[in-house]
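Those sequence lines, one after another, are chains R, H and B. Following the working numbering, the numbering of the first sequence begins with 13 at its first residue and continues without gaps. Following the working numbering, the numbering of the second sequence begins with 14 at its first residue and continues without gaps. Following the working numbering, the numbering of the third sequence begins with 100 at its first residue and continues without gaps.
Quick caveat, the hints were computed from the structure, so don't treat them as lab data. One or more hints might be untrue.
Unchecked claim - Quick list of the computed label-pair ranges, beta carbon to beta carbon:
#	chain 1	residue 1	chain 2	residue 2	range
1	H	THR215	R	SER57	26 to 34 angstroms
2	R	THR16	B	MET100	41 to 49 angstroms
3	B	LEU123	H	LEU119	54 to 62 angstroms
4	B	VAL210	H	ARG225	44 to 52 angstroms
5	B	THR332	H	PRO91	13 to 21 angstroms
Note that the Cβ used here is the ideal one computed from N, Cα and C, for glycine as well.
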Amino acid sequence: MSTTPILEVSNLRVEYHGDNRQVVAVNDVSFSIGEGEIFGLAGESGCGKSTVANSIMRLLKDPAEITGGQIRFKGRDLLTLRGEELRRFRWKEIAMIFQSAMNSLNPVMTIGSQMVDIFTTHEGISVKQARVRSAELLRLVSIDPVRLDSYPHQLSGGMRQRAVIAMALALQPSLLIMDEPTTALDVVVQQEIMAQISDLQRQLGFSVLFITHDMSLMVELSHRMAVMHSGRLVEMAEADLLFARPLHPYTSSLMNAFPPLTGPRIRLTGLSDAVRAADGSGSCAFHVSCPPDRINCSGNIPDLREVEQGRFVAEHPRTNLEGAAA
Amino acid sequence: MSVTNPSDTVALATPDAPTSAPASIRRPRHGLIRGILGNRKAAFGAGVLLVFAVVALAAPLLAPGNPSLITAIASQPPSAEHLFGTTAKGQDVLALTMHGARTSLLVGFVVGAAATLVGLLVGVASAYFGRVIDDLLSLVTNVFLLIPGLPLLVILAAFLPPGIGTVVVVLIITGWAGSARVLRSQALSIRSKDFVAAAVVTGENPLRIMFREILPNMASIVMSTFLACVIFGIGAQAGLEFLGLGDASVVTWGTNLYWASNDGALFTGAWWAFVPSGLCIALVAFALAMVNYAVDEVTNPRLRTKKKGRTRA
Amino acid sequence: MRFIVRRLAFYLLAFWVSITLNFLLPRFMPGDPVTRMFAQAANKMQPHQIEQLRQLFGLDERPIWQQYLTYVHNIFTGQMGVSISRFPTPVSEVIGSQIGWTLLLGGTALVIAVVIGNLLGILAAWRRGGVLDSVFPPILVFVGSFPYFWLAMAALYLFGVVLGWFPIRHAFDAGMTPELSWTFFSSVATHLFLPALTIVLVSIGGWMLGMRNTMIATTAEDYILMAEAKGLTNNRIMFRYAARNAMLPSVTAFGMSFGFIVGGALLTEVVFAYPGVGYQLLAAVQGLDYPLMQGIFLTITAAVLVANFIVDIVYVRLDPRVRVS
Numbered sequence: 013m014s015t016t017p018i019l020e021v022s023n024l025r026v027e028y029h030g031d032n033r034q035v036v037a038v039n040d041v042s043f044s045i046g047e048g049e050i051f052g053l054a055g056e057s058g059c060g061k062s063t064v065a066n067s068i069m070r071l072l073k074d075p076a077e078i079t080g081g082q083i084r085f086k087g088r089d090l091l092t093l094r095g096e097e098l099r100r101f102r103w104k105e106i107a108m109i110f111q112s113a114m115n116s117l118n119p120v121m122t123i124g125s126q127m128v129d130i131f132t133t134h135e136g137i138s139v140k141q142a143r144v145r146s147a148e149l150l151r152l153v154s155i156d157p158v159r160l161d162s163y164p165h166q167l168s169g170g171m172r173q174r175a176v177i178a179m180a181l182a183l184q185p186s187l188l189i190m191d192e193p194t195t196a197l198d199v200v201v202q203q204e205i206m207a208q209i210s211d212l213q214r215q216l217g218f219s220v221l222f223i224t225h226d227m228s229l230m231v232e233l234s235h236r237m238a239v240m241h242s243g244r245l246v247e248m249a250e251a252d253l254l255f256a257r258p259l260h261p262y263t264s265s266l267m268n269a270f271p272p273l274t275g276p277r278i279r280l281t282g283l284s285d286a287v288r289a290a291d292g293s294g295s296c297a298f299h300v301s302c303p304p305d306r307i308n309c310s311g312n313i314p315d316l317r318e319v320e321q322g323r324f325v326a327e328h329p330r331t332n333l334e335g336a337a338a
Numbered sequence: 014m015s016v017t018n019p020s021d022t023v024a025l026a027t028p029d030a031p032t033s034a035p036a037s038i039r040r041p042r043h044g045l046i047r048g049i050l051g052n053r054k055a056a057f058g059a060g061v062l063l064v065f066a067v068v069a070l071a072a073p074l075l076a077p078g079n080p081s082l083i084t085a086i087a088s089q090p091p092s093a094e095h096l097f098g099t100t101a102k103g104q105d106v107l108a109l110t111m112h113g114a115r116t117s118l119l120v121g122f123v124v125g126a127a128a129t130l131v132g133l134l135v136g137v138a139s140a141y142f143g144r145v146i147d148d149l150l151s152l153v154t155n156v157f158l159l160i161p162g163l164p165l166l167v168i169l170a171a172f173l174p175p176g177i178g179t180v181v182v183v184l185i186i187t188g189w190a191g192s193a194r195v196l197r198s199q200a201l202s203i204r205s206k207d208f209v210a211a212a213v214v215t216g217e218n219p220l221r222i223m224f225r226e227i228l229p230n231m232a233s234i235v236m237s238t239f240l241a242c243v244i245f246g247i248g249a250q251a252g253l254e255f256l257g258l259g260d261a262s263v264v265t266w267g268t269n270l271y272w273a274s275n276d277g278a279l280f281t282g283a284w285w286a287f288v289p290s291g292l293c294i295a296l297v298a299f300a301l302a303m304v305n306y307a308v309d310e311v312t313n314p315r316l317r318t319k320k321k322g323r324t325r326a
Numbered sequence: 100m101r102f103i104v105r106r107l108a109f110y111l112l113a114f115w116v117s118i119t120l121n122f123l124l125p126r127f128m129p130g131d132p133v134t135r136m137f138a139q140a141a142n143k144m145q146p147h148q149i150e151q152l153r154q155l156f157g158l159d160e161r162p163i164w165q166q167y168l169t170y171v172h173n174i175f176t177g178q179m180g181v182s183i184s185r186f187p188t189p190v191s192e193v194i195g196s197q198i199g200w201t202l203l204l205g206g207t208a209l210v211i212a213v214v215i216g217n218l219l220g221i222l223a224a225w226r227r228g229g230v231l232d233s234v235f236p237p238i239l240v241f242v243g244s245f246p247y248f249w250l251a252m253a254a255l256y257l258f259g260v261v262l263g264w265f266p267i268r269h270a271f272d273a274g275m276t277p278e279l280s281w282t283f284f285s286s287v288a289t290h291l292f293l294p295a296l297t298i299v300l301v302s303i304g305g306w307m308l309g310m311r312n313t314m315i316a317t318t319a320e321d322y323i324l325m326a327e328a329k330g331l332t333n334n335r336i337m338f339r340y341a342a343r344n345a346m347l348p349s350v351t352a353f354g355m356s357f358g359f360i361v362g363g364a365l366l367t368e369v370v371f372a373y374p375g376v377g378y379q380l381l382a383a384v385q386g387l388d389y390p391l392m393q394g395i396f397l398t399i400t401a402a403v404l405v406a407n408f409i410v411d412i413v414y415v416r417l418d419p420r421v422r423v424s
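The following block holds chain R by itself, in its conformation from the complex (with noise of 0.2 angstroms):
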C-alpha cells in the first residue's frame, strides 16, 4: 500500500432539495483512498454513503446539490469537470458497480453490445475488436464468453454480478467503487464474488470504495475504514483495529447488528433503540444532543479527531476511549 492517496474527498456536503425542505445528505465529510487500497465505507441504509459515491461519479441529479468540499483525483478537481470532459473521464479513471447487476444491465440489450460500447465509446475501436475484448474480461471473470450474445434475464443473479465487475475493469480504471455489490446475492454467491474481486484487486492494482452496510464482509476485504452515520462520518481506521475496537458507540451497534456464526447466544438490539434505551435521555446517544426540531440530527455530531496514529473519531460524551462500548 502506497501512501500518495489518489482520491481525496475533503469537506464534502450534499444537499437535497425537497418541496419545503432540505435534508442534508453528507455533512462535511473527508477521506482520502490511496493507491491500491481498499477503503471501506459502512453505514446504515440513508446513511448517505451512496450519496458519497454517487458524488465521486458526479451522478448526482436534481434534487441532489454539491453545496460544499472538494473532491480530488489524482490532483485533478472533480467538480469542475464538464460536459465531453466528465464523459471521458468517467469509467476510464474511476469505474463504478451498482448495488443490483440486474437493474444496473440494460435489459434489452445483449451482455456483449454492452460491454463493447465501452471500447467502442472510449477507445474508438472497432466493434470486432470490441468484442475480443470483451470476451477476454469475460474469461477473467470466468464467465463463457458465448455468454456475450446472451441477454441479461438468461443469466443467473452471480453470473450478471461478474459480468458487471467484467464491464467495471474493461478500462483498467484505477478506482473502483462498489455500492454494495452482493448485497442482492445470497452468501454462497455473495462469498465467490467477493474472493474473486480480492483477486483481481491483487492481480491489477485498482483502489477500491467499498460501500456495505455489513461490516464483517468490509473487515474481511478492506485496509481502512469508515463508519458513517446521518450523513457524517463518526469513525475512521485501519480495519481490523476499528473491527477489534470500535470507539464509538454507533461502530459497536452497527458491528453487533450481525450476529456473530460462533460463540454464545446474545440478544440482538435494533440499531439506535439500544443506545437509546439505556440512556433513557431521549436522544439517540449517537449525537451530543437532539436538535429541537430534530429534522438535521448530522449537525450535532463533531467532527473527526485523531486520537491516535491513523486512529479518528468524532468525539462524544461517551466514545470510549479506553476499548469496545456496549
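Please arrange chains H and B on chain R, whose structure you already have, making use of the hints.
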C-alpha cells in the same frame, strides 16, 4: 373524437402512487385534494368547466325561446344583434351553442360516470377474485378494447332506435373497457399489499374489503379515469352526431356541427356556424385534460415540469 | 412462440365476437331498421337478392343456429351481401375499391404522428424543463382536444376554401384516372396533405406525452445511471438505453390505439369527401345501407386485429424477455 380515449390517457398516468408507508397509502385523499387545489393547471381547468356549467344551466335564461326555430335572418355574420351570427336556417349561433352545452355536457358526464362505474366494478372484481373470474373479465375487457370504437358505435347506433338515450348507452358500451383495464391493474397492485391480505385473513367480507380497503386507495386513478371517460364521451358523442347518428332534432354541439356541415357552411364561408361548437368541445376537453394532468402530477411528482436553472457546485 | 399463438387465439376470439355481434344485432333489434331498409330498397331489387338479404338479416324461417352457421360461412367466404346505396354492387367489392385510400391516409398519418410524436417525447423527457418540455405539451394537448372532424373542417376551410392552397375534396383531381405517373402521384399527395395533417395534429400529442412519461420513468432506472457512469455519449444513452426501453410500452399502446386512429381517419374522410371506407360509411348511414355498414365494421375490425398481431410480432422482436419464454 379527441386523442384522449380512456385507455390512452391512462396509459400516460402510470399508477406510480406513493407506496412506501401504509399510512400514506391508506389516506391519500387529503393530500390529493389539497394538491389539486393548489395546482395551476387544475385551477385553470376547473375555472373553465365552471363557466361552461353555469352557461349550460342558465341557457334558458340567457337565450330564451327555442334556439332551433327557423327564421328569415339567415347566414348573418357576427354582429351586435347576433354575437356569433346566424346559421343558414336563420338560427342564432350563440343560442345554439349555449343550449348545446346542456346536452353535450350532460351526455359527457353521464357517460363518463357510467363508464367509470362499470370499469370500476369489473376492474375491482377482477382484481379481488382473481383466477377464473379475472381471466374471464379480462378477456371480455380486452376484446372490447380491441374492436375499433367508431365503427362499433356506428353499427350499434344504426340498429338501435335513434335518440339521446341510445347515444348514451352506445357510448357506455364502447367506453367502459379502457377504464376497466386501468382500474384492474391498479386494483391488482393494491390487492397484493399487505393490509389487504391482513383484511382477508381477519375474515372481513369481500364487499367490505373491496369498498373499504381497496377503493379508497384508488381515488386518484378513478378520478383521472373518470375525466378521461368524460372527454371520450363528449368527443365521441359529437362524432356520432356529426355522422348523423344522433337525434338531429336535439340541440347539441355535435348536431350543430352536423347541420353546419350539411348546410354547406364550409363552402359559403360561414365560419361562425361551425367554429363556436368545435371550440367549446375543445375547451371542455382541454380543461378536463388539464385537471387530469394535475391529478397525475400531484400523485406522481416525477412528472412535474421542473423549473430550470439550478446550478451545481 | 407460445406468446404469439396465445395472441393469435385471442384475436380470432375477438373477431368471432364481432361476427356474432353483427349476426345478433339485426335479429334482436325489433324489426324497424331492417324493415325500413326493405321498404326503401325493394323496388330496385331482384327477388333472389331480396331473399339473400332476408337471410343476412335473419328474416327467413330457419332455426337460428342454421342461420348462424350460414352467416359465419358467408363471412369467411367474403359474401357480405349486396350494398343498397350502391346497388347492386356486392359489399365486398364496394369495400375493396375504397379500403386502399383509407389505408393510405391512415397509414401515412399514423407513421408520421408516431415517429414525430415519439421523437418529441424522447427529447422532452431528456431535457426536462427545456423548451420542448414546457411549450409543446400544453399546445399539443389543446390541439388534441379538438374533435378530429372539427379540425378537419377548420383546415379545409382555412387552407382549402379561404387560402386555396390545397384541394378541398376527393383523393385526386377530377378527370384523372389512376395511373403510374408523376402527375397522378403529385395530385394524390396534395389531396392527402390536409386530411393527413389533421390526423397527425390531433394524435401527435398523445404519442409525445405517452413517450415523455415512460421515458421519465425509464431514466430513473439503474441501467441509465450505469450507462452514464460508463461515460457513454448522451445520444447513445438517450436512444439505445432509455428510449429503446421506453419504446416497449409505446409499442403496446400503438396496437391499442389503432382502432382509435381508424375512427379519426373515418371522420376526417367524411369532411374531405376522401373516397375511403369512412366516407362510404357516411353514405351507408344516410342510405340505411345496413349490409355495407356491417361489412365496413367487420373489415375494419379485421384490419385492426391484423395490425395488432403484427405489433405483437414486432414486440417479440424488440423485447428479448418475451422472446425466450
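- Could you tell me which of the hints above the structure violates, numbers in ascending order? 2, 3, 5
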